[in-house]
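The chain contents come next:
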Amino acid sequence: MVEKLDQIFVLLQHWLVGYLPAGLQPLGGVVLGVVTIVLLFPALFALTTVFERKGLARIQNRLGPNRVGPFGLLQPIADGIKSLTKEDIVPLSADAAVHFLAPVVLVVTVFMGFAVIPMGRNMVLVDIDAGLLFYFAMGASAELSVFMAGWSSRNKYSLMGAMRAVAQMISYEVVLLLSSVTVVMMTGSLSLTKIIEAQNHYSWGLPHWFIFTPWGLAGFVMYAIAATAETNRSPFDLPEGESELVAGYHTEYSGFKFALFFLGEYLAMFSISGLGTTLFLGGWSAPLASLQWVPSWIWFFSKLMMSIFVFIWMRGTLPRLRQDQLMNFAWKFILPMCMLNLMVAALWHFMGGSWLRWVLCSAILIVAYAGMGFGGLRKKQIGPRRYRYAE
Amino acid sequence: MSIVFYILATLTIAGALAAVLLKNTVHCALALTVAFAGLAMLFLELDAQFAGLAQILVYIGAVAILVVFAILLTKGSETPKDGVFSRTWLAGLAIAAAVFAVLGWAVIQTANLLPNSAPTPTVTVQQIGQALVGRYVLPLEIVAVLLTAAMIGAVIIAMHEKDGAPK
Amino acid sequence: MTPLAGYLLVAALLFSIGLAGALTRRNAILVLIGIELMLNAANLNLIAFWRYGPHPEALTGMMFAIFSIAVAAAEAAVGLGLVIQIHRHAKTTDLDQMNRMKG
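Protein chains in written order, with the numbering used here: chain X, 1 to 391; chain G, 1001 to 1167; chain R, 2001 to 2103.
No wet-lab data here; the hints were simulated from the structure. Quantities reported herein were computed from a predicted structural model and do not represent experimental measurements. Check each hint, because a few of them may be wrong.
Okay, the calculated beta carbon distance ranges per label pair [as the list claims (entries may be wrong)]:
1) G:Arg1087 to R:Arg2088: 21 to 29 Å
2) X:Ser203 to G:Val1145: 38 to 46 Å
3) X:Ala289 to G:Leu1132: 53 to 61 Å
4) G:Glu1141 to X:His349: 18 to 26 Å
5) G:Met1151 to R:Lys2091: 25 to 33 Å
6) G:Glu1141 to X:Met351: 46 to 54 Å
Below 25 Å or equal to it, Euclidean Cα-Cα: the simulated BS3-like pairs (lysine-lysine) are [what the hints assert, rightly or not]:
7) X:Lys194 to X:Lys4
8) R:Lys2091 to X:Lys156
9) X:Lys194 to G:Lys1075
Here a beta-carbon is modelled for each residue, glycine too, at the ideal position from N, C-alpha and C.
All chains, full assembly: derive it from the sequences and hints.
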């Protein structure tokens, strides 16, 4: 009974696909999975917009939307109708083809990223051998759409926002890749299903998730920082900072195209949180060995929603980072820490299963973090500023 | 010669043609991205999973972005007044056509010697990793040094002068 | 026409299109775009021969293509840095106007 509930979506898919002729069955299975993802995650996005606005509002000591439906829960419907019925304004001097294609490319590449994330036991759309590489390839393609949006609008603010966004995204992409490579190194495989299977063991009731190891915790923190920067969320949202750049690279978009950008950003947040839970938090595995009777997909989605909640919390609490501050942070602080983390993970693996490795690895990471943090602070001179003008 | 191959080949060649023929430089760069994507899909069709995904990650994710940044930093989006093709375009076109003629003739002459089909190779990423640190460790280390040197070199070449006044 | 011949013809066509672009356009960046197309055509050739060759389990073709991708990315970075520096010096990227050795 418990296994049936766990595999209920897989069984449902087999039953529905059984109605098709035998030649079309693989295609039918994949199409069914694609349709489910395309319907489920935008619905989750609609729910998240309400949670975000209510959550931010409560952090800021106000109420948030509460008029449309009980506790404002039907607000996404109002937002959807608004964005669908707004006039679609394209600037006269804008590059029409590129302006139209930018949100399309963004949404397509972000949806493709969902194809390799396992949402439950046996519930991954395609189990590619190089699944993690596929996900990062799709993430890299999304950056080009940001640039296309900013450039095609023929607007200085949009272009500046797009350049800043692309510079930020490529810097933090390196950090994202390096912190994931640590997990790949310890598991020996790029396939996301195998990474979850390596974490699905329990000792004394506690799971072997990678976040419960020193290198895993450091890797997870760095992955989380890089994930907020990749999706242009606060505190890294200078590219779309409302007080500096109007709306950054999506200034000139109105109506449904803006809704597509919004959708793309939130879906990127979902998929990167999904990847983070897969890599560090054990994906669909239960937190305690005694709780394994709960279906695996419930665990995955609860971890996903908890990550989204942490994103919303960070947005409401932390101030925005300036562009040069965040680039310095990426290249001069997080990147060396990532490489040190890689070496600490290798040391962890070769020291066997003793308690000494916990102490040694944690000590190396803490000393490096404190040393770089205080060392970086000491060199900062707060003197008169030197300006370099563009020519 | 499946229909997928024809579609992907058409996409790639169309992207490449657009990349060298269009007037607006940024459009050329975006058409180049389409050509890269078509090539990546051709690699995936050829069962070279790792190479195809690495192509997307490196070329579309890094080289295409580099090209558009360079176009923006050098005001390349303004069309020059003398047209986009140089004065000696006919010679260049003739040379390219001659090269294609030679290569195409070589392929067609030997087309019946080539294997018609081959068993699908099963290549796992683990095998690629083993090969990289086993048989190909020297090229790996040399490429690492090369990439470091290229990064440092590119930064030094494109850096502003120290005293603030460009020569 | 075998599949391998089809891939080789596509690669040859891509190579000549890249060569034509590198030889006929004025803008220095478009020459670099042509060079990238030529490198990609060579990669396609490598992977096609690896797939239909006698020993695909030796991974030689795939390794060659992966290293070629890495080196091409490095070369694009350095080349574009050079183009930016030339633009700063000569205020233009028009290759027809850069026909003197005097700096």
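Verification of the supplied hints:
no.: 1; hint: G:Arg1087 to R:Arg2088: 21 to 29 Å; verdict: holds (25 Å)
no.: 2; hint: X:Ser203 to G:Val1145: 38 to 46 Å; verdict: holds (42 Å)
no.: 3; hint: X:Ala289 to G:Leu1132: 53 to 61 Å; verdict: violated (38 Å)
no.: 4; hint: G:Glu1141 to X:His349: 18 to 26 Å; verdict: holds (22 Å)
no.: 5; hint: G:Met1151 to R:Lys2091: 25 to 33 Å; verdict: holds (27 Å)
no.: 6; hint: G:Glu1141 to X:Met351: 46 to 54 Å; verdict: violated (26 Å)
no.: 7; hint: X:Lys194 to X:Lys4; verdict: holds (22 Å)
no.: 8; hint: R:Lys2091 to X:Lys156; verdict: holds (22 Å)
no.: 9; hint: X:Lys194 to G:Lys1075; verdict: violated (48 Å)
Hints 3, 6, 9, counting from the list given before, are not met by this structure.
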